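All chains should be modelled from the sequences, with the hints used to inform the complete structure.
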Amino acid sequence: MVLSMTVKSDGSMSEGVAVIGSNVAAIQAALTLAQVGIEVKLITNSAALGWDDATNNVSDDSSLDQRFLHPLLLRATSHPLITLYTGAEVESIKGEKGDFKIQVVQRPRYIHEDICTGCGRCQVECPTRVTSLLRGQKITHTAIHTPLLGAKAVPSAFIIDKNGFAPCQVACPLGINVQGFVSLLANGKTDKALALINEAAPLAGILGRVCRHPCEDNCNRAQVGSPVSIRALHRYAADNALGGIKYSRKFPARSQEGKIAIVGSGPAGLTAAWELARLGYSPTVFESHGVIGGMLATGIPRFRLPREIREREIEAIRNLGIDIRTGITVGRDVTFAYLKERGYRAFFLSIGAQRNNKLNIPGEELEEVVDCMSLLLTLNLKVGNKVDTFVGSDVVVIGGGNAAIDAARTVLRSGAVEVTIFYRRTRAEMPANPEEVEEAIKEGVKIECCTMPVEILRDGYRVTGIRCQRTKLSDEIMINGQHRPEPIPGTDFVMDANYVVVAIGQSPNVPQLDIEGLAIDSNTGVIQVNPLTLETSIPGVFAGGDCISGPNNVVEAMAAGLRAAESIDRYMQGRDLKVERILEPPEIAKVDIETMMEVSPYKRAPMPTIHLRKRINSFEETTTGLSAEAARREAQRCLNCALCSQCMECTRVCELGAVFHDDDIRHFEVGAQVVLRFLSSDSEKNIPTGKADQEAITEGVYMVSPGDGGLAKQLIRAMAVAMETAIEIKPTEVEEARAQDFAGLDTDLDHPHRALEQIAGGTKRIGVFLCRCGGSISSVIDFRTVDRKLSRLPEVTCIREIGQACTEAAAKQIANQVAELQLDRIVVAACRCCNSEQVCYSCTDRRVMCQQFLLRRSKRNETLDNSTEFAPKAQTFVEFVNIREQCAWVHEDDPQGATRKAVQIISAGIARARASLPMPPSENSILPSALIIGGGLVNSTAARALASRGYQVELVARQRAEQGQYERSETSPLMLEQLQEKDVIVKPWPDALKLEGFPGNYEAVLEYGSQTDRIAAGAVLVNIDELNKGTPPLLNTTSSSGLLDRIIARKGNSGYLARVGDDLLREITIKETSGIFLLPPNGAELPNEQILHGLAIAARVSTYLEQGSIRPRAMAVNIDSRLCRGCGNCADICPYIEMKEHGDGTVYAYVDEALCLGCGACVTSCPTGAITQSLQSDRQIISTLRSMLRSDQRLSEV
Amino acid sequence: MYPRVLVFACNWGGWSCIETATNLGLHYPVSVKVVKVSCLSRVHVGLILKAFEFGASGVMLLGCEQGRCHFSADSEYIINEYEKARSILETLGIWKDRLVLAQLPAFDGRQFVMQVMKLIAEIERISTSKHARTVEPRPAQDIKVQLHL
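Protein sequences appear in the order of chains F and E. The numbering used here applies: residue 20 is where the first sequence begins, and numbers increase by one. The numbering used here applies: residue -11 is where the second sequence begins, and numbers increase by one.
Keep in mind that the hints were calculated from the coordinates and are not lab data. Just so it is clear, the structure is predicted and the values come from calculations on it, not from any experiment. Glycine residues also receive a C-beta, built at the ideal position from the N, C-alpha and C atoms. Keep in mind that the hints are not guaranteed to be accurate.
Unchecked claim - In silico contact screen, one side only, chain F against chain E (beta carbon under 7 Å); selected entries:
hint : residue
1    : 856
2    : 860
3    : 914
4    : 1180
Okay, structure coming up:
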């Protein structure tokens, strides 16, 4: 029934009803509205609908509820008129009744709902554990998880919990996914951890030893103990990845116009080269020293960064195809101009800061006043050659940075007896790494703070000592943000020394480059650059590292290298250097430590070091790295602040591409004529009962409170609300086109075997389709074996693999195969188990989608895609077999056994497909009219509601002529008036009533004395109490011949709500076909309750009549009267079966197939075998048994 | 190698138990095969015996509890067939307890797995016990049975 839409005069039109809520009432209301032809937008705050949210406030009969749950959810969410928005909150509702505009904000799921099959392979790979509250309990689960944490849900697609960026990742200048690699290490996935690190930056072995770890300084774990030892874990990954370093390219090698020159092979230069190589370029690095690495080779001592590690890292970078030329000093050996002539277009200056700053105090020019740079260079690179210079001497080191500490410890290892560091500020302000300072002190270095040198004392040409002064910090703040130290007069003292090492900072030797026009800072001597692009004053010339910042840490230099590489990439392609680049780091996730239960009790793992005795006279590496056990435990201390760490393991493992981390919050608008808001808790004040429990806040926006009572009552209220709404608005015009959108098979959902009558004997052509389910089935069941075994079976024409059966693409693929190979029967081995239209208790959304795409009823009888050369299409028989839950998943632990069983299950399906019998088509149209037997408030409400929907309604009721108290069952004059307003025909109570006809086309025969009145109706609503009243009762339910008697008997004699519960369950799962509805008794219910019941019945009747026609169920039985010997066993079992008489007086059993529920009990009871089921004959069941149990696969016989 | 068990499961309550078993992550041996029927009342003695004939070492009838049937069928129907089948098995010399009837609440995956494992244990006990009458059902060779269709 399609009624046209009234369009508002101004042209703007919102269609349908918006239903907001997640409980069972909301879903039932949405379903009812859709079933009567109204478009519904179902907006729910939950990520998915399921046990928790959908069944608030329901009865204690929990088993009944669960049986309803999934069929109801699936009918609703798969209905073409319902659009479901999950994770969606309503921000505002604007407009007026008839034209509301609802602003919705939808949370990101990060997973495509229509693709994800819920197979869970991503969950297995996810290394991150997070904690959530579930029903009052704290549950630990992976960051990617089922939407309701274990309970079945619709949609079943997974969801990822994210919380922005972790502070460690934000603090890292290189943007390394710290939480990601730490989680991977916590799960023992070392190689993957290193791979993740290397996606952002190279030189892991180096960073893991010398990085200043801003990540640790920002680690939230410090709030509950000590920060995670991230640098040690970084080193662990670098040193223990079994596969070694594998750098991956971002782009293949590209041909480029012009070359790129990188000056200096320190961390900045190497990183820039690495990134450029990954982007497809081939840069050339010019290094003035004989060794590669800059400070990594010449500055950082070997006991902090061993040579083997440095060489390993550099080798890995060179293997990307980067050309590093040592021994060439740009500016001296080759000029800038020369390089430009030779075709170099872009330059990155990463020359570092190697010119030692001077103390500018007397005595500095003496030979034994050494600059720390040359000291470290000499002592670092002299492998094997012992340098005796410092043996036995007292050394004083001036400075407080890493260079000073390194120099002190190096000198100590070279034989110095006394090493003292003088630093002019306080200990807290020493720029050196605290860990290094501690180790230095442990090794015996003395540190004197607040001391500055004044003069170096001499004896001739030899240094004898140094005179210093104490300082105090003044209030003046210097350029670098620190307080200026002020010498305190009168605090002079002298310290004896043989050598003085000057380590007070370095500056870059820019003039040596000899580049004209290069802007330099006059105070510090560093190159001036744009902080966003790192471009110098000369276009195409970029700079980074110590030469732009002064001495700094390795990580900053590397970060500059990355930034410069991006700039050079853009420059080479002629793109803008600045657009879409920011300096500001992303926002840090907010973390509430209190809510995190899963805090590992372990303390921060100490970094093992070699014994002090072994350190002296040796340049062996001081720290030895965490053990595997210690590393794992340390990694598990991480709190996972960002929840999902974006390590991308899920993306890698999902074959279907269902994961997309780029999802974001969505804002959109939804239009509706009316808004129904279903509240899930009683926290709202008790809403006074208005019409049918709705309260209008604004005209057109209704709040529906949860109310009390069991599930049946909830559903009845919901249906009543929906019905009332449906009456208020006109239904949506259903476009014919919508039903034709699917390119599926031309098959009838209810009766797949209708097709068979068209197949005129001959060989059958069976196609078998195996679903991989994105790998979750195919990783257990070996499809090659299955293919081999099944192809031996007769009449199997083809066996094909499909990636995912529950998509439109798969349906098209299958339809094309059917057309191409002229298949008449197909077996789809996936997750779906039934080939009929029913929805079982345990069905899932993917199964429903598989059926919908594949078997969409097509209104056209044309040939399918690409098949014009074949004969007009006969319909195709489809058999489904479940090899997912029944086989691959439950027998995961036994893949070989699962494969064998899969062969058996699928061959059983093939046998059933071959053995199916045709059933003659029958379709009855349903008269668009209803007959209501009995008066009273419930019935008249139902009558008026149905009449408003456009159906013809006749009501048979007792009327009392006189005034006075009315029986509940009687129709008062007021009611009569209301009924007549709606064109309901009211007939008086007859003397006798008989119901004839068949579903869809009933005829009630009413006797009034000698007169007979006949009423035709599509649906009949009966009040049993009414029929039993009076003497003799109108309907004699003890004698069994009448149709009405038998149907009512079937419905049982238990309480109304229990009965209606069963009816509703059947209506949702296998659909109503009888067209006879029981009205509640006129008991002691409040008028409001009665109205609810009336509306609910009207909703159910409306849904029934809306179908337009009914067909028998797929499992309906067929009674062959020729074989029947009239024993009556079946009629004893099933009230729908009646005994009829032949002409010669013999009886036979008969059932109207539209009534048959399809259980098959009568088949068992029949002694002659007269009763059969086309889709479940004994022959088919036996073929199935044979395939399942016998090891040989002979199917040619039964 | 576990003994072969054939489970007749009704589409509604019975199937929900089996599905739930998978959803809970439980496992049972691959030698357990499940045949779905619309209602247990559809299963008559002939089908049960056929299962044994084809080589099942045990048969389980898995369905809904009394009063819970989706079609409101009486458990009496299946109980009758079950008892008839058991007495025929006894006459044929097959240990009666190879056939069990499990009427479980819907979604009770755990109970289903327990019952199936119990049946398997019983079958193994019978097969090895010297005292029990241990006639194994032999797969029939090409016995042509006339079936009414």
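Status of the hints after comparison with the structure:
Checking residue 856 of chain F against chain E by beta carbon gives a least distance of about 13 Å; that is not within 7 Å, so the hint is violated. About 4 Å separates the beta-carbon of residue 860 of chain F from the nearest beta-carbon of chain E, less than 7 Å, and the hint is met. Restraint check, residue 914 of chain F versus chain E: the minimum CB separation of about 10 Å is more than 7 Å; hint violated. Interface hint at residue 1180 of chain F: satisfied, since its Cβ lies 4 Å from the closest Cβ of chain E, which is below the 7 Å cut-off.
Of the numbered hints given earlier, the model fails hints 1 and 3; all others are met.
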